[in-house]
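Colleague: Sequence:
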Amino acid sequence: MKILASIVIGLIAALHLYIAWFEMFAWTTRGPAVFSSFPAELFEPTTAMAANQGLYNSFLAVGLIWSLFIKDREWQRRVATCFLLFVAIAGIFGATTVSPRIALVQTVPAVIALLLVWLGRGR
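Residue numbering for the sequence shown follows our numbering, beginning at 265 and increasing consecutively.
Label pairs and their computed distance ranges (CB to CB):
no., residue 1, residue 2, range
1, 333, 363, 28 to 36 Å
2, 342, 305, 42 to 50 Å
3, 335, 305, 45 to 53 Å
4, 292, 338, 41 to 49 Å
5, 268, 313, 34 to 42 Å
Hint data in this document are derived by calculation from the structure and do not stem from the laboratory. Quick caveat: nothing in here was measured; it's all calculated off a predicted structure. Think of the CB as a built atom: it goes at the ideal place given N, C-alpha and C, for glycine as much as any other residue.
I would like the entire structure built from these sequences, with the hints used as guidance.
Modeller: What follows is the structure, encoded as structure tokens:
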């Protein structure tokens, strides 16, 4: 269970690294194709805002990656839980404010990882 939890946490971290890259470096080039309902003329003026969001996504990724390197199992579980809850809550907020699809991309995997982390407790 611990190995599966670590794999899912790693995948979620990779997703947030991709989101961070996208928001920080590809917002104006790839953004219009990804967010086709967002007016194309607004991508340039919102570059700083997107980069700020990207920085926060990189913090989520780094926290999840950090949890994978903690040797003490209880602290590893606590740090992973903290950052997975951050991801899940961010996904819920994004789903209610931007698109319900965000819950599928962020919240569902984070909840699955949380279940795996806590089901593997004590092993």
